[in-house]
Structure formats: structure tokens, C-alpha cells
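Number of protein chains: 2
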Amino acid sequence: MTVVRNTEKRDGVVRQRVKKCFKNVCSAKSVKARVPIIQWLPKYNITLLIQDIIAGITVGLTAIPQGIAYAVVAGLPPEYGLYAGLMGGFVYLFFGSCKDITVGPTAIMAAMTAKYVSGYSADYAVLAAFLSGWVILAMGVMNLGFLVEFISMPVISGFTTAAALQIASAQLISLFGLNGPSGNYFAESVLNFLKNIYSFNIRDSVLGIVTIIILLGLKRLGDGCCRNDKLSKQIRWFVSLGRNAVVVIIGIIVAYIIKTVTGNESLKLIGEIGSGLPKIQLPPFRTVVGNETHNFSDMVQNLGPQSIILPLVAILELVAIAKAFAGGAPINATQEMIALGLCNIIGSFALSMPTTGSFTRTALNNASGVQTPAGGIFTALLIISALSLLTSTFYYIPKASLAGLIITAMFSMIDYKILGRLWKTSKKELILLITTICICLSLGLEYGIVAGVVIDALLLLFSSARPPIIVSTLSATKGNVIVITLPECLNYCAADHLRREILKASVDAESDSLIIVDGMNLQHMDTSVASNLMSVIKDVEIKCVQILFLNFDVSLKEMCTIINSNHSNKFLSADKSNIEDIIAVSVQNTV
Amino acid sequence: MTVVRNTEKRDGVVRQRVKKCFKNVCSAKSVKARVPIIQWLPKYNITLLIQDIIAGITVGLTAIPQGIAYAVVAGLPPEYGLYAGLMGGFVYLFFGSCKDITVGPTAIMAAMTAKYVSGYSADYAVLAAFLSGWVILAMGVMNLGFLVEFISMPVISGFTTAAALQIASAQLISLFGLNGPSGNYFAESVLNFLKNIYSFNIRDSVLGIVTIIILLGLKRLGDGCCRNDKLSKQIRWFVSLGRNAVVVIIGIIVAYIIKTVTGNESLKLIGEIGSGLPKIQLPPFRTVVGNETHNFSDMVQNLGPQSIILPLVAILELVAIAKAFAGGAPINATQEMIALGLCNIIGSFALSMPTTGSFTRTALNNASGVQTPAGGIFTALLIISALSLLTSTFYYIPKASLAGLIITAMFSMIDYKILGRLWKTSKKELILLITTICICLSLGLEYGIVAGVVIDALLLLFSSARPPIIVSTLSATKGNVIVITLPECLNYCAADHLRREILKASVDAESDSLIIVDGMNLQHMDTSVASNLMSVIKDVEIKCVQILFLNFDVSLKEMCTIINSNHSNKFLSADKSNIEDIIAVSVQNTV
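Line by line, the protein sequences give chains A and W. Each step along the first sequence adds one to the number in full-length UniProt numbering, with nothing skipped, and position 244 is 244. Each step along the second sequence adds one to the number in full-length UniProt numbering, with nothing skipped, and position 138 is 138.
Hints may be right or wrong, so weigh each one.
[Claimed, not checked] Pairs of lysine-lysine residues, derived as BS3-like cross-links and limited to a Cα-Cα distance of at most 27 Å, are as follows:
no. : chain 1 : residue 1 : chain 2 : residue 2
1   : W       : K323      : A       : K557
2   : A       : K538      : W       : K424
3   : W       : K538      : A       : K417
4   : W       : K538      : A       : K219
5   : A       : K538      : W       : K417
6   : A       : K570      : W       : K427
7   : A       : K538      : W       : K543
8   : A       : K99       : W       : K504
9   : A       : K32       : W       : K504
10  : A       : K323      : W       : K504
11  : A       : K557      : W       : K424
12  : A       : K417      : W       : K557
13  : A       : K29       : W       : K543
14  : A       : K570      : W       : K417
15  : W       : K424      : A       : K570
16  : W       : K570      : A       : K323
[To be verified] Here are some, though not all, of the chain A residues that point toward chain W, as calculated from beta-carbon distances under 10 Å:
no. : residue
17  : K424
18  : Y492
19  : I563
By construction, these hints were calculated from the structure, which means they are not laboratory data. Just so we're clear, the structure is a prediction, and the values are computed from it rather than from any experiment. The C-beta atom is built at its ideal place from N, Cα and C for all residues, glycine as well.
Same shape as in the complex, but just chain A (with noise of 0.2 Å):
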């Protein structure tokens, strides 16, 4: 009857449980919570709009240029990366929590499909966008997002540089005007740099080389100057952090000087550009490669580990973002996760390659005073016009422009200071983060990533099986007394160490010792380590070394007591006034 009675009850209890956890889902405020434009809209004014118009708009300024960059770098025809910026602006718009973030195109999302587009066609980098927002989607309603916490500092930094490498070694052939392919791999482009440097272009290397001293020129130009200084200094600002568009502009009016002076394109162009909006259509499912048809299941299978790594960067790279712009507020990663896989799932069907937050474009609308997500659309907007009306214009863009373009954006992508850091403070993490780079480099970013990632975690696993154990003797009046004392955590990988070491000290000690394992520290361990600790009871005693456990938590005591209950007797608990005393009588009944 009783236990009727219980399962009724746990029947109540979970029923009540699953009707909470759907009245969650369901009610208002967490509706709001996962559409937040349904909080901020109402509050909306004309005040705010102003600032989210000029922040649009300078966002778009960079955004366009980007864009454009960006789909180059993936190997893509251009308007991609303008369809990219689009659609993240105005999906994020809807479900985005954090205002500055801008999701669009990125460098290291671009380098990463590049090798599936020069490999088979553009329609994989639209498939690797529509998978990868099914998987960051899930991510965040599974709320998996903790899963890059165990990428560290070190692999992060080296994985950044070695993208920067790879995707600057890949511009060069265009920064130089040289012929042939450029390269999926560091070592791939600057070997083709290498070959193809006999058809060395004057012009293309003239105009690549002043597009970056301009750049560098221009970022120096707003250092010190804010959005709110006074017009000279204002203006100073607004050219420096448009200055992707600048250089763009410069380029294109040189091209289509030299155009028209010369009569024939010396410099190499951009080219024609599709123009218009993309058409909303299903991502492919098919592609055709040569003369084979991919069907679904051989894109994802050429995808292969890309389809769950591109996800996790691009969660890495939002999350990084968000941690630098929340201004100390906790993120709601989930939150983000669920507006990022959004973004490339409706991405997707409007031709969008792989996207996620962009540090360069974020940073730009947090420093034009962005207000609200709102500040997408006028981005969205921007690139809108830009592919309705000057697609032609676009046409004149130099390679070289935008390889110089490129270039420097990626030098500020590399964080020089931290090998010197690591240098001081962890040699460890210095080979690390250089082995990160090598295998990004050598076998491609996502195998450095995931060999950064499992070194990590395998120095983490030896390091947990050497915990300190702390072994000191003091001497008393018959026998020694050697006191072993154990960490906050042990676990089954310790446990051999552990019972080496007390064997250590029973072979050191002289018959008659006692020694003290002292649990005052630990706070868990597992059964591995409790059973070794039981078994060693026996192999000290043959020695005539007597052994007793100090202060061990009631729980672990519990535990070891399961394991072999002939030793209860062996667990006691002192504190620090009363320890000489039982080490005094300890020592009396070994004799």
C-alpha cells in the first residue's frame, strides 16, 4: 500500500515538474527572454533611433567592404559576403540580447569553408552555414555552451594567429598582382606566392602596398579621438573607423582612372558582382561538382568534422565577443547561441555563408553608440542599397585594394605580447600555444583546434594524477610520525600515486612509526582511490608501521568503510590541540 502510495506521489511530483518546466517555456517572461526585441521595442524612441541610424550606418560602412573581403577569402563571388552581413543583421534584430554584437561574414568562419569551396562549389559554404546554425541552435537549447570553456587561452590565441597567417599568406598573391591559385594552407600560399613571383604586377603591388600604409595611416589617424569630441576631432574619428571604405573607394577610383586613361584593366578587378537581392530559396541539398552530383549525404560527409567545428568557433568567437562588450553584465550564452543559429539557419536560405559575431564590427557599433540591435537594420539597409545600386561600381574594386585590406586587418588579429607573457609565466602553455599554431598551419585550422583542445585536456588528466601530496616527519618519543598530507581532490588517476607514495614513506620510516593521512583538505575523491587506500592499510603493516586516517570527511569515510569495514577503526578525528595526544597513545598501542 505504501509503495502505491510513493509512486503516486513521485507520479505527482514529476507531473508537476514537466507542467512547470512547460508553463517555463511558455510563459510571458520567458517568451520575452528568448524574443527580446519584445522588450526593448516598446521603449523604442526617437532619441535612440538617431544613434542606431549613425551607428547603422558607420557599421555598413565597414560591413560592405568586409563583406566583400570576407567572401573573397572563402573564395566566394562577392555579393555572398553581402548576403551573409544581410541576413545576420536582421535575424539577430529579433532575437539578439546584446546590442553591440553584429553578426555577419568573419575572417576565421570565411577561412574555414574556403577549402570545401576551391575543393567543390560555393553551394557547400551556404550547406556549412544552414548545418552549422542547426548545431549552435541545439547547442544553446541544450545549453552546451560551456563546451568552449575548454578551449584555453593559449589554443585560442594560436588558433587566431595561425588564421591570421593563413588567411593574409593566402592574399598575397592577390596584394602582389601575381598569376595562379593562391592556396588552402599557409605553406600551399606561400609556396604559390613563391612560384608565380616572375609575374610580379607593378601597379596591383603599388596600389596593395599603399592600401595598407593608408590603413595603418588612418587608424593612427583616430587614436585619441571619440565620437563626442569637437567636428575636427569628430571627423578625424568617423574617417578612421570608416577606413575600409575609404581605401575601397580610393581603389576603385584609381581602377576606373586607369580604366579609362589607359583603355585595358591592368589592375586585377573584383569583377562583375551579382546584383540584387539574394532569392529566398532551400539551402542546397545538392550540389554539382564537375560533372558529379553531390546529394546530402556526400556534402555532409565531405563537410566531415567541420560541420560540429565550425559551429564551436563560431560559438567561441560570439562568446569572446559578448565577454568584451557586456561590460561586466553575465551573458546569456544560451540567448545568443539560439540567436546565432537562427542567424545562419534563415541565413541560409538567402544564399548566406557561415556567420557569427565580428569583433572588427561590433567594436565599431559599441564606439558609434549603438542603442539597440536596431542599428542592424540600417546596416542591412546599407548593404541593400549597395547591391541594388552599386554592384557596377563594385566592379572596379582592385584585388589588390582589398588584399591590402585583408592583410591588415589580419596584423591586428595577432596577439604578439603573448608569447612573451607565456615565456614568463608558463613555459607549458608557450609549447602549447606554438604547437597550435604549427598543426593549424600544417594540417589545417580545424585540426590545430581540436589538437590544441585534446592536449589541453590530457596535460589536465597528468596533472590530476600528480596532485600534491604533502609528506612531512616529525619525531616523537618512540617511533616517528610521518604525516601525509592530502589534497582538496583525488582522483582515480591519483590513486596509484597516492598509495605509492605512503608506501614511500612505510619503506623510509623505522618499524614502530606511525603515519597520519591527513583528510583535513580532501573533499572528494573517487572508489579507485578509496580502495587503494584500503588495500595499502595491509602492505604497511607488514612493516610494522601502523597507519591512521585524520579528519576525513564523515562521507569519505563512509565510502572506505564499504570498501573493507574491518578498517573503521583506522578513521579518527582531532582537531589540531588534541593530535599530540593521539599520536602519543597511537604510538603506545604499536608497541
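Starting from the known structure of chain A, fit chain W onto it as the hints suggest.
Just chain W now, kept in the frame of chain A:
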């Protein structure tokens, strides 16, 4: 000039080190350590000899039936099991450092090679021994034996249980004299058993079940008896230890009688056994399977991950046994691995299957009072005489007797009590145990142990990501003081967790509060954690909450200040007596 000198000096140091290392390797002491027979042989005398003879012969009486049985488990001709016992004993004699350990075929090693023997040919078992030998030797020389420490007790227990179930289930066919093949996996074996149950043979079944009953009875018989008891008890003890030989002899007699009485072989018998010693030859670097010739690289490819997992399991078994019989002395794991590696390599030249330390026979050796590894000679001599004289007798060993013997041995390999123990101490480890068993039984032993190790490692990583960070609030005259006590060790994966905890505390705090991050216990952190600690300062101070770092170790403080030198004034040292003053001063400063 200095540079040259430095290099010279360094060269000198390196040369000295290499010399020292070389000297160490070649010194008499290290040769003695590597070939332990040199240590004990000069002290050898007639008393030791007699004890070794008694133990060696006792072990031999078990080694012969077990050898045949485990060859059957592996699906090999029965003589392979005897060859394996032979060579193991001889090689361990020279290189073994633990007097009790008996190297030979074991049930688990046999079960792990069975798949390759049934799928390809017997040559695969010999090649597996050869390769395993080299891997074990290499791991011994490189001191990689610690890798087995990463296999936790629940995983080992689950693996052993699954192996026992798999081996026992494969013998059901023979136990009941059914037709048809057994199976490489538990499910396959059970299925084959059920499928063929119609071919049930009453004579085999009775013999098999009687064998099991006799074995259990004889095991009971020896309870409470030992080698030094009075004669009647001594006989009981000896018969109990030799019970495997007893049931095989009974089986042979029964089979012989039935054959002479009925004139036909109504019991399923082992049949022809290759007579005489194995021919010494190169291990099979190529083999013929059906019509195909497999060369060395095909064979290695077919063995696949087994080439690593088999040696690891061999080391695991050996180390577990050494621990149990070392009697509290630290184990020379390196030497044991070198000895085991050589046993396998040299054994493979004499058609040995993979070998390792056998728990049953080692326990028997110990119980029989063996004094040196010389006991192995007499075991080997007994095996040699069996191979020379008794193969025609072994013809009559009934398969049902062997099946009974194997199944009974498997009963004792399963640790039933661990289920209850883990239920009480750690549900997490219980789930791990059950998962390991399920994967072992469904996918194969090697996948099960790998899955167990990986799950364990992941659990450890996740627990490292959430170390215990204790947050407590003190009330002060002006604002609150929140003390965040850090644990002993903070790894990169805990960096974000720590940041969140500090931010949460700062959000809950009123403004003008003070957060004290107490690093008194902190002994280790890495750059990721230090970066987060430094970056969180800004986020906290935005909310007019002050933050201080108390009692950080000098090296940890330095790590933080290298990352951001602006915050070095945030680090304070204080003992408990003046902490109140510091709080008072800090709070006043905040005002």
C-alpha cells in the same frame, strides 16, 4: 666569445649527461636490475630449489589444463596454449623481478585475440604476441607504464566482468555439446547457443555440469587448509589447488571409457594435439587466409587499434597482479614491463599467443611457497613432458570438461559485490561500470575499455571545470564584504566559471561593497585563469564594487601582473589577525 664559451659549456654538460646516462645503463648495478636472475642465482641453494620444485609442479598441474582451455578460448589449436606457458616461464626466469608472477596465456588475452583467429588465421595470434611484445617493451623502456593509471577501478571491473561473460557465453555451445559455431561477442554467443539448443547432447551436458559441480566442490574442500597443515589437510589443500587437472583427468577417463564401451566418440573431444616442442622460427609476417595472402602491413592494419590496446591490457593485468603480490614493496613496473615484453617477443618465435601475468597461477605459485622465479622452470618442464608424452592422452579431453573449467574460472573473475558498493558510494561510477560492461559486450572488449577511459577522462575534465569556489558575505560598517575563497587548483576550463562567480557576487553586492578573492589555498592556476581574473576587475569596478586579491602566492601574483601590470596594487597579503583592518581601510578608500 662568451657565446662560444657558453655553447662549449653547454656541450660539455650535455656530453657529461650522455656519458652519465650511458654509464648508468651499462653499470653492473643497472645490469643487475635489468636481469634480476644475476641477483638471486648466486644465493640459490637446495632448500630454495625444493620449494621451487614443489610450487613449479603444482602450478604446472594448473598451467596445462588452463593453457589448453585458453587456446580453445582463442580458437587456436590446443598446443598453442602450452607453447605460450612454456616460453613465458623461461623468459620471465631471467628478467622477472617478482618471484610469484607466472606469465602465460590468460582468459582475457585469449578472448581479445579470438576475433582475429576466427576471422583470419592462427598466425594473427602469434603476430599479435610479437607486436604486443615490442609495444610493451617500448612502453617499459620509455617509462610509459603510468598510462594504466588512467584506467579507473570501475572501468577495470566492468571490462573484467564483460570479458568473463563473453568468454563464458562462448563456451555454452561446448558445455551442452551443441553443433554450430560459438561467437566473438556475448550477444552472438548467446544467440548461437539459443539457435542450436535443439542439438543438445545429454552426455556432454552432464559431463560439463558435473565438471562445474566438482570444481566448485573441490574449491570448497581446500577452504581453511594450507601447505603447512597436517597431512590430511595438506592433501585436501593440494587436491583443491590441482582441481583443474583433476576434472580434466576425470573427463579423459570418462571419454576413454565411453569410447571403449560404445566404440564411437559420442562425447565431443579436443582431438589431435600437435606433439613435441614448437619449432623455433620467425613470427609469421605473412599468412594465408582462404585464397588471399596477407602480408605484414595487411596484418597490422587488420589488428588495428588492438596493437595498442592488447599491450595496455597485458600491462594492466600484470601491474594489478604485481600490486597484489608485492607484499607492500614498491613495484618495479619498468622491469616488469621489460620482462613481459621480452616474454611476448621471444615467445612469438615459438608460436606463443599473447601472454601476461596470470592471476590464478600467480596466486597458486604464491600459495605453494615459491621462492624464486626458478619455479617457472619446473612448470615449463612439466609442460614439455606433457607436449612430448601426453598429447595422445590429451586427445580424449572432452570439450565439455574444458568448457566447465573455463566457465567456473569466469565465475570467480566477476566481482558481484562492486555493484552494491558503488550503489552506496557513487552512482556516477556505477553508471560508468555498467556503460563499460554494455559497450564491451556489444561492440567488443577493446572498445569498451577505450570508451570507459574516455568517459572517465571527460568526467574528470568536467569536474575540473567546476571547482569548489566558496562565496561568503561579511557585514562591515560601510557596505558588505564578500569573500570568494579559491580552491587549490584552477585550470583553464574553470576560468569562465570563476569569472561568472565573481560577476554574480558583484551583481548581488550593493555598491560600495568590497569583494575579496582569497587565494590562500590556491597553488596552481594557468594563464587563462589569470587573464580572466585581471579582466574581471574592470567589469566589477564598473558597478562601484571594489575587488582585492588576498594572499596570492608570489608566483601567481607575478603571473597576473605580467598580464596586466596596472592591477598589482590589488594584491594584498594579510594573515587572519589583520584582515579586519584591511577591510576597514579598503572600505574607507572606496568611500
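Pairwise hint evaluation, W:K543 against A:K29, where the allowed Cα distance is 27 Å at most: Status holds; Cα separation ~26 Å.
task: Compare the distance between the alpha carbons of A:K99 and W:K504 with 27 Å, and conclude whether the hinted pair is satisfied.
output: Status holds; Cα separation ~21 Å.
- prompt: How about A:I563: closest beta carbon in chain W under 10 Å, or not?
  reply: 6 Å, holds
- prompt: Given the hint that A:K557 pairs with W:K424, does the C-alpha gap stay at or below 27 Å?
  reply: Since the Cα atoms of A:K557 and W:K424 sit roughly 13 Å apart, the hinted pair holds (cutoff 27 Å).
message: Need the status of pair A:K538, W:K543: alpha-carbon distance at most 27 Å?
response: At roughly 58 Å apart (the allowed maximum being 27 Å), W:K543 and A:K538 break the hint.
query: Under the criterion of a CB-CB separation shorter than 10 Å, is A:K424 in contact with chain W as hinted?
result: 5 Å, holds
message: Holds or violated: A:K417 and W:K557, Cα atoms, limit 27 Å.
response: 19 Å, holds
field: Distance restraint between A:K323 and W:K504, which requires alpha-carbon spacing of 27 Å or less
entry: Given pair A:K323, W:K504 holds - Cα atoms ~14 Å apart, limit 27 Å.
Proposed proximity, W:K424 with A:K538 (alpha carbon, max 27 Å): 24 Å, holds
message: Just to be careful, I want the Cα atoms of A:K570 and W:K417 compared with a cutoff of 27 Å; is the pair within it?
response: 23 Å, holds
field: Satisfaction of hint between A:K219 and W:K538, Cα-Cα up to 27 Å
entry: With a Cα-Cα distance of about 25 Å, the restraint between W:K538 and A:K219 holds, given a limit of 27 Å.
- request: Mind checking the alpha carbons of W:K424 and A:K570 for me, to see if they're no more than 27 Å apart?
  value: Satisfied, since the Cα-Cα distance of roughly 21 Å is no more than 27 Å.
Figure legend: structure checked against the earlier numbered hints; the only hint not met is number 7.
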